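Residue numbers (the working numbering), protein chains in the order written: chain H, 1 to 303; chain B, 1001 to 1531; chain L, 2001 to 2310.
It cannot be assumed that every hint is accurate.
Unchecked claim - Just so you have them, the derived chain L footprint on chain B, three or more residues with Cβ under 8 Å:
no., stretch
1, 1070-1080
2, 1118-1129
3, 1138-1149
4, 1211-1220
5, 1273-1283
6, 1400-1414
Calculated directly from the structure, the hints in this document are not laboratory data. No experiment lies behind these values; they were computed from the predicted model shown. Backbone N, C-alpha and C fix where the C-beta goes; we use that ideal spot for every residue, glycine too.
If you want the building blocks of each chain, they are given just below.
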Amino acid sequence: MQLTKDSFLPVTRVNAEQGTSRPSLTYWQDAWQRLKRNKVAMLGLYIIILLILAAVFGPLFSGTSYSDQDLLQANQPPSGEHWFGTDNLGRDLFIRVLYGARISLAIGIVASLLNFTVGVVYGGIAGFIGGKTDRIMMNIVDILYSVPVLLYVILLMVVLKPGLTNIFIALGIAYWLQMARIVRGQMLVIKEQEYVLAARTIGAGKWRILLRHLIPNCMGAIIVTMTLAIPDAIFTEAFLSFIGLGVSAPMASWGVLASEGTNSLRSYPFQLLFPALAISITMLAFNFLGDGLRDALDPRMRR
Amino acid sequence: MSKKWIILGLIMMMLGTLLAGCGGSSSKEQTVRVYMGGEPETLDPAKITGVPEGNYAQAMFEGLTEVDKDGLTVPAAAEKWDVSPDGLVYTFHLRANKWSNGEPVTAKDFEFAWKRLLKPETAAEYSYMLFPVKGAEAYNSGKGSVDEVGVKALDDNTLQVTLEKPTAYFPSVCAHSSTYPVNQKIVEANGDKWAGDVATLIGNGPFKLTEWTHSSKLVMVKNDQYWDKDKVKLNKVEWLLVEEVATALSMFENNQLDYVDLPPMTEVERLKKENKLQFDKIEGSYYYEFNTKKAPFDNPKVRRAFAMAIDREAINKNVLHDVHKPLYAWVPYGFTNPVTKKDFREEGGDLFKGNVEEAKKLLAEAGYPDGKGLPPITLLYNTNENHKAIAEAIQEMWKKNLGVSVELQNQEWKVFLGTRKSGDYQVARAGWNADYTDPMTFGDYLLTGGGNNYGRYSNPAYDKLIATAQSTNDQAVRMQAMHDADKIAMDDMAIAPIYSYSHYYCLNPKVKGLISPPTAILNLKYITIQD
Amino acid sequence: MLSYTLKRILNAVVVLWLVITITFLLMHAIPGGPFTTEKNLPPAVMKNIEARYKLNDPLWKQYTDYMVNLTKFDLGPSFKYQGRTVNDIIGESFPVSFHLGMNSILFSIIIGVPAGVISALKRNKWQDRLIMFLTTLGVAVPSFVLASAFIHVFAIKLALLPAAMWNGFEYQILPSIALAGMPTSFIARLTRSSMLDVLGQDYIKTAKAKGLANYVIMYRHALKNALIPVVTYIGPMAAGILTGSFVIETLFAIPGLGRHFVTSIYNRDYTVILGVTIFYSFLIVALNMVVDLIYPLLDPRIKLGGKKEG
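Using the sequences plus the hints, can you model the full thing?
Laid out in structure tokens, this is it:
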């Protein structure tokens, strides 16, 4: 048989990737997909959405207001009329817990954002740059840690009118310090790791390294700290309202309801039970979601 | 491998720190364990300002007089006293008594203590208690000399006191802790340090101090030098210096304490049901102070309207669990009229009534029908659970009864005091306790320009009546004048009274013989512990 | 190393000085003083009191007087507790807080770290879920609620333990555990989180491939690196706990230092405020320095002391 040029035909290219591989995803799309698959995390997300809806719309549907008193009905245990019972002035606790959700959820979200933005960026920069900058930045953190927060708070109380903004200011001074320290600590470790060296070798800029490589690898510690710090914000608000800096009576957050409930723990335990339950369930939800986010955002778990 | 040892080491260390705290346990004799408050600021009678300290001092010292459980002033360190016809000179005859270190208590010790109280350098907050004494105020403000102060020891057992003007209640002033004697030799030898060391804290009272562990406890044992020691059956008093009353209540229910003063309001219902609560009289009241120089409470009709719109019975029943007593006058219950021997407030009666219709009418007459046209109003109170509950209840009552929405604002204590003193408020929560057991301690509060009259109430008719009561020893005249003054204050509604205090406490039923006079300074002398 | 330590010590002094100055200014900026009382004092008496405590000196003089005394380690007299000095107060109450604090810290490390490790190794299994649940409660339920519940159950209802005070071994149990609730939970979670990070690393796979025993991998390789955020958290936490918790000490009537942090501000007891703040600041700075020195022990790649960053 004679081999001529005509004997050889080019093989038609079949796109072998069609239909057998998945479309390529960005980091965020991949993270969202992984999150959706995590049932427990989604449960957390749904609970949070439900709470937010209840907080925003719930009070509109009820007949009584959170401040309606009925002195003759004070300290009643849960019943058909008052699902959560009444407080020491005869106010319905169920409504008060619903209203309290607004304040406490707002505090929780703002505090977490504060932690996530200020805390992470501050700590990230300090750890990443290192050296003198790190020392000075951490000195500032030490100073803010040491000066008694109660002093600022009393000063704010004199200078500003009471309200929720004061709580945010007070939190803004002291709340993010722990996160900054933890992220800085993580930075010191991670920036020495091999893939950072690799990224630098191929010429990646400082910000890209910080945002794309370093911070996502700190996500574990960041999310744990963020979720565990939320109750701190809630109870700080309760304390601040108690000494007059935050929301005024009869408005009450979960923290305030829990503090009031603790006083009557022995006589009327239900007054503590329901706000504490509300806080705990919210915390669990944030934790499940947080854990799911951590797994979803972990670059090493990409398939 | 090494990590295991480290962990083991940590565990051993933890056990070690736990066991290091191993201490002894307490043994019980005729001992009473009392909670009255926390760590004292000082035990120097000249410098004492707080109620807990007053209690600690009363056990260790004895003044010229004391207050009995009916609120009458009776002899104590002084056996009897004579008053000159013009009412200006008191001669106290002291009974024989000894300091706990065996030295005799003399009139010179009293003279020394009083002059020390008034000495400017002592900087005593309660020096004003002795201002009825001639030359006292002048000396205290540095304008007079100590020799012009009208107190003199005529001999070891006789103390002569000259007053500025007739002051009928002067004997009850002599029951106050600031007038207690101190051992002149010891104080001169040790200076101010005498009150910081158990060895030099010598007193002339039924008990003597043997231990002071800061923030933990004060231990006193029976003073065997005391003149009335045969009547004292108790061997030991332990004052447990707990800062938080809720903790003290837990300790009481756990049998670590026998007496708890003023347990938390949230527990009162339960304690009443379990028969753990007792009540006694006390001379004090709780009220809302109006700033009479600021709108809208510069108008007496508005003040009366707001005061009448409060349902005191409901508050007392539901928020205060029937512990206190609603008050419809300025001077509270607890004072005994020495002439009629009746309670001053009971015989004076209620000087106004709660009446919502009348309140609405008054508000309309003042130009604010249904509350329209009123400037925004803020009710100020200091941080405290009870104040908050009462303020919330009253806020709701004003809304329901008058149609007025009032804002609540609470402030930390010292900030709150500053705001009240500077007059930067419209209506504020306030309370007042008697300094001595005579209605004048309330009467002079509302005088024009009075030091504590932060609401700046002023009525010359009121001032005149009080002046009458301050310048005669005729008790009948005085009592009537004070009743009349009270009526004027309530017609003007200078302040809105809410309730008259009751002294309530938890007491171990095995403890008998405790006396709680209307000053709420406990008398432990006659206590016995039964089984 | 020496020059680094010296630089840190110099830093510490500057930080302390700034803390004192800021606190001093804030203290005097808020209304009310140590002798602001409800019953109005005659002006002459007020003047006497202020002269006695030098409160009517101009502010800068009060400041410099204080700083001079500070160099002699004299923190001054308390304004509220007459006759007692701040040195005395701290000297008497700190050992108690320290004792209580050490109990809680050791408890939280001994329980928290292993809990975190177990949680990480048994990820998503029932042990992990249980520990996650308990630690969530540990932070969601504040210490005063936990403490009140403990007192109610163990002291009053069951009469097993005393309700308050600090007189012996049995008095330490409830407060130490109540105080340890939050830190134990935090430590467990941080340990779990960073163990998970570390276990996914390549060098762990290498170690396993080499055939090293499991527990060798855990302790010698994984745990050391995982402890970095835990140690970072423990530094300031320890400073806070060792100087006493206001809530726990008040609820259990423990004569520690924690109470003074809050009550001194309410009392406007200026010298005590400054004294406890300095003490706390000193601990924070010292412990953070220790934490920084521990980092290289846990991960030798960490360089402190700085270098030029490219």
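Taking the hints in turn, this is what the structure says about them:
no., hint, verdict
1, 1070-1080, "violated (count 0)"
2, 1118-1129, "holds (count 8)"
3, 1138-1149, "holds (count 3)"
4, 1211-1220, "holds (count 4)"
5, 1273-1283, "violated (count 0)"
6, 1400-1414, "holds (count 3)"
Of the numbered hints given earlier, the model fails hints 1, 5; all others are met.
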